[in-house]
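Asker: Mind docking chain P with the ligand on chain Y? Use the hints.
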Amino acid sequence: MTHLDHLYRIAYNLAKAPDDAQDLVQETYARALGAYEQFAPGTHLKAWLTRILYNFFVDRHHQGKRWVSVEDSTAQKNEESDPWEKMATENPGPDSHVLRQELSVQITGALGRLPEEFRAPIVLVDMGDFSYVEAAEVLSCPVGTVRSRLFRGRRLLHGYLKEYVGTKEPA
Amino acid sequence: MLCKEVEELVTALSDNELAGPERIVVERHLADCPDCRSLYQQQVALKQVIRRAAAEMKAPLELREKILNDRRVFPPRVVTGPEPRPWASVFTRPALALALLVLVLLPVIYLMRPQSPSLALAAIETHDKITRGEVTVIRGDSPEAIKEILVRSVAGEFAPMGYDLSMMNLKPVAGTVQTFDGRRVLVALYQGDGGSLTCYTLVGTERDAPPRAQAFFDADKNMTFYSYSVGRTNAVLHREGGLICILVSAMPMPDLLALARSKAAPSHS
Ligand SMILES: [Zn+2]
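Taken in sequence, the protein lines are chains Y and P. Residue numbers for the first sequence follow the numbering used here, so the first one is 1 and each next one is one higher. Residue numbers for the second sequence follow the numbering used here, so the first one is 1001 and each next one is one higher.
Among the clues, some could well be false.
Result set (DSS-like, lysine-lysine): computed pairs, CA atoms no more than 27 Å apart in a straight line [claimed, not checked]: (1) K1047/P - K46/Y; (2) K1147/P - K16/Y; (3) K162/Y - K1047/P; (4) K1066/P - K46/Y; (5) K1066/P - K162/Y; (6) K1004/P - K16/Y.
If you're looking for bench data, these hints aren't it; they were derived computationally from the structure.
One chain only, chain Y, in its complex shape (with noise of 0.2 Å):
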């Protein structure tokens, strides 16, 4: 595995489109070595790249805009007012019947339909094998934050991609 499958992995699931994905990895190479200056030797390279694509996504995706709080404003409500848990509901599964397709495109497409303030930090911890610490780091967040929304992405995950994720529902 290198950093440049790694890279394009996080910006392919953060993107959700190929085109986009090459974009964001290429304009990651070039700022990386634009801002050598801010590399130490030493430094976690992939975490520094991981950082760079993420702040370029944002600014991309965002104007500069982050974390659009929805967890601060729902965290405090019930399950069932929640408009993640029931946007998942009231959307049915993926592909239910499509026997089998190349899991990665599962994983992919189950994501992308995930808010990115969810996705995010799965494809980081999942995906990039990234410390909750890293990621934090990458994301620009508290450590406890990438927690709670891991926790809650990947319930609302789990319930896309049940079928292939086999061990029961719990009570």
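Answerer: For chain P with the ligand alone, kept in the frame of chain Y given last:
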């Protein structure tokens, strides 16, 4: 402790991100609570599925080429002289430049080996596997049903090329989605008295044609068709707008080429 209070910690435990008192609390709860144990197992299983999917995703060769050709990343030469130039200074930081260079170059060298798999050739291989029953395909009740499944599997980004091949006694019976180098390819299988044919649709350019393919220019349609074979299996590739279509079949090349030409729709008409 209530399950609700533990759930988030269970997630953290599945990531091995829990230590100290929190870990003890959760482990104690798990020992007594089958529901939360099941949640824990579910989290671990989900994580494994995502990791497996991640391992399938590789940066496309096209992207490696783009980075290698990006002058901002790899300048044509290092300028040295009395005036320090930006690129000269980059290479005074050999750690990063070298790391990036190695990381990008190694996979390219690997992929440039003669046996490098190309998407066009993979289509032929897939056709052979499908006809041997080695690839699971989704059977559809109707051509529309197959098309719908395929379109949904790429989130509506593009649709498979649909051809009416009933004149050849071939009708669409099944579909599948394959990924080559991170690119999704919609595959439709046609079968009938005329044998079997697979049709591949993907986002691409004519550079996806194998270098040694024979190019045939159709002046009427202002389109180029690329034909190539592996063993007894023949393929014809052409572009319609931003999509590439590859027809693969054991039927004789002239027939397959004629079929592709008769069905292809020119991009500008
Ligand atoms: Zn419990």
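Asker: Each hint needs a verdict: does it hold in this structure or not?
Answerer: Cross-check of the supplied hints:
1. K1047/P - K46/Y: Holds, because 20 Å separates the two Cα atoms, which is no more than 27 Å.
2. K1147/P - K16/Y: The given pair, whose Cα atoms are some 21 Å apart, holds under the 27 Å limit.
3. K162/Y - K1047/P: holds (13 Å)
4. K1066/P - K46/Y: holds (20 Å)
5. K1066/P - K162/Y: violated (38 Å)
6. K1004/P - K16/Y: violated (32 Å)
Checked against the numbered hints above, the structure breaks hints 5 and 6 and satisfies the rest.
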